[in-house]
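Protein chains in written order, with my numbering: chain A, 1 to 137; chain B, 1 to 281.
Some clues are possibly wrong.
What the hints assert, rightly or not - Taking lysine-lysine and the DSSO-like style, the derived pairs with C-alpha atoms no more than 27 Å apart in a straight line are: (1) A/LYS72 <-> A/LYS45; (2) B/LYS160 <-> B/LYS70; (3) B/LYS134 <-> A/LYS13; (4) B/LYS167 <-> B/LYS151; (5) A/LYS12 <-> B/LYS134; (6) A/LYS13 <-> A/LYS72; (7) B/LYS167 <-> A/LYS12; (8) B/LYS249 <-> B/LYS260; (9) B/LYS122 <-> B/LYS98; (10) B/LYS147 <-> B/LYS98; (11) B/LYS160 <-> B/LYS147; (12) B/LYS248 <-> B/LYS31; (13) A/LYS12 <-> B/LYS31; (14) A/LYS45 <-> B/LYS34; (15) A/LYS45 <-> B/LYS147; (16) A/LYS13 <-> B/LYS167; (17) B/LYS248 <-> B/LYS15; (18) A/LYS72 <-> A/LYS12; (19) B/LYS134 <-> B/LYS147; (20) A/LYS97 <-> B/LYS134; (21) A/LYS13 <-> B/LYS34; (22) B/LYS98 <-> B/LYS167; (23) A/LYS97 <-> B/LYS147; (24) B/LYS33 <-> A/LYS12; (25) B/LYS248 <-> B/LYS12; (26) A/LYS12 <-> B/LYS147; (27) A/LYS132 <-> A/LYS13; (28) A/LYS13 <-> B/LYS31; (29) B/LYS15 <-> A/LYS13; (30) B/LYS252 <-> B/LYS15; (31) B/LYS15 <-> B/LYS249; (32) B/LYS160 <-> B/LYS33; (33) A/LYS132 <-> A/LYS12; (34) B/LYS160 <-> B/LYS98; (35) A/LYS12 <-> B/LYS34; (36) B/LYS85 <-> B/LYS31.
To be verified - Here are some of the chain B residues that sit facing chain A, going by a computed Cβ distance under 10 Å: (37) ALA46; (38) GLN175; (39) VAL179; (40) PHE199.
It should be emphasised that the hints constitute simulated quantities derived from the structure, not laboratory data.
Where is the CB? At the ideal position from N, CA and C, for every residue including glycine.
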Amino acid sequence: MALQLDIVTPEKKIFSDTVENVYLPGADGELGILPEHAGLVTALKAGELHYQYQGSRVTLAIGSGFAEVSQKKVVVLTDSALGEAEIDEAAAEAAIKRAEEQLASMGHDADAEDIAHLQSIIAQAAAALHFKRRTRH
Amino acid sequence: MANLRDIRRRIKSVKNTAQITRAMQLVAAAKMKKAQDQALAGRDYAQQLNGVLQDISEQFAEATHPLLEKREGNRELVLVISTDKGLCGPLNTNLARKLRDQTSPEADYVTIGRKLRITLEKLSRHIVADFTIKDPVPFADARAVAKLVSKLFLEGKYDKVSIAYTKFVNTLSQQPEVVQLLPVETPTGYADATDTNEFLFEPSTEDVLGAILPLYVNFKVFQALVDARASEHSARMVAMKAATDNAKKFIKELTLEYNKLRQSAITAELLEITTAMKAME
Numbered sequence: 001m002a003l004q005l006d007i008v009t010p011e012k013k014i015f016s017d018t019v020e021n022v023y024l025p026g027a028d029g030e031l032g033i034l035p036e037h038a039g040l041v042t043a044l045k046a047g048e049l050h051y052q053y054q055g056s057r058v059t060l061a062i063g064s065g066f067a068e069v070s071q072k073k074v075v076v077l078t079d080s081a082l083g084e085a086e087i088d089e090a091a092a093e094a095a096i097k098r099a100e101e102q103l104a105s106m107g108h109d110a111d112a113e114d115i116a117h118l119q120s121i122i123a124q125a126a127a128a129l130h131f132k133r134r135t136r137h
Numbered sequence: 001m002a003n004l005r006d007i008r009r010r011i012k013s014v015k016n017t018a019q020i021t022r023a024m025q026l027v028a029a030a031k032m033k034k035a036q037d038q039a040l041a042g043r044d045y046a047q048q049l050n051g052v053l054q055d056i057s058e059q060f061a062e063a064t065h066p067l068l069e070k071r072e073g074n075r076e077l078v079l080v081i082s083t084d085k086g087l088c089g090p091l092n093t094n095l096a097r098k099l100r101d102q103t104s105p106e107a108d109y110v111t112i113g114r115k116l117r118i119t120l121e122k123l124s125r126h127i128v129a130d131f132t133i134k135d136p137v138p139f140a141d142a143r144a145v146a147k148l149v150s151k152l153f154l155e156g157k158y159d160k161v162s163i164a165y166t167k168f169v170n171t172l173s174q175q176p177e178v179v180q181l182l183p184v185e186t187p188t189g190y191a192d193a194t195d196t197n198e199f200l201f202e203p204s205t206e207d208v209l210g211a212i213l214p215l216y217v218n219f220k221v222f223q224a225l226v227d228a229r230a231s232e233h234s235a236r237m238v239a240m241k242a243a244t245d246n247a248k249k250f251i252k253e254l255t256l257e258y259n260k261l262r263q264s265a266i267t268a269e270l271l272e273i274t275t276a277m278k279a280m281e
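Turn these sequences into a full structure, and let the hints guide you.
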């Protein structure tokens, strides 16, 4: 029983193949998806995505986005998806710092969308950092 | 008959032109590669996004979102994406023609790119806003544009928002296009759509639509921008290559003419000398 998994970001297609299962960081908590899952569209928050591919477990740190699940297929659309090796700790820390500075300098009249955008950058970088540090220790 | 010095001067000036067009060709080629990569990279994402929207479109009727609202009026806002610089073949002319054919003359405009902004100003059309976008296109710039047009649409100032841009097909072919941006039309005819027609929404239908639709609008603007950029650099590269080739051909012809003239001048001079010698004998 196979499940087709597609992970795409605006920059490139990250992954497209059949996998055994997928774990998604849903907006309300982690979701485990097996083949023949009921149709589902869910918002994703920044976090870790796991899937079982050719017998081994793969983990990616993803940004916010959403996923569409149908019986044989899972489509993940996200801002970014990084494997452990691709995460640059210094860059992630710098991104958090930059975004936090920008947040702090914004007044009360700041646009809600801009704030949400900065917060998603922070969440994304923090998730990537967390994942990188956990795998190293 | 043109004299030798005139021809020499013309050869020199054509050579200079060829050098400039060649330099521009090389610059455009380098930029073209980057812009094309960017345009093509987003295609997968765009396709999947369309697929997802098509799949869930059947449930739109139950949960309407303001960005989906179809209105009776016909006040139209057109986002026109042209180029800042010229020398890119018929790109802007074709886009202007398409714009004239497919949008109402009473429409208002948001412009990106100097060329068509000037054209529209000459026609005294009403321009609401003008943006300058960096090269390569940053996603944040697309967000700013999308935010403005969404705001104008949601405030009820306009009933319809379209984008006019040049779609990138390949290096030799670019297609001017006018597509509707708002209200969001659910895509159809996407072959890869799954046959599942019942979807659960998590956390809720409103939340999911609230997340997907603005993203879709942002991304569509972004994709139009990168397509327009890729088209611009491709068209400029091709136009400059044609200009360089023409100049080279012209130089060849002029050199041939120059040599012929030079030879006939020498022949005439020899004839004069020999005639003079004969006369002195």
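Violations among the numbered hints, reported as their numbers in ascending order = Hint check: 14, 29, 32, 38, 39 fail, others pass.
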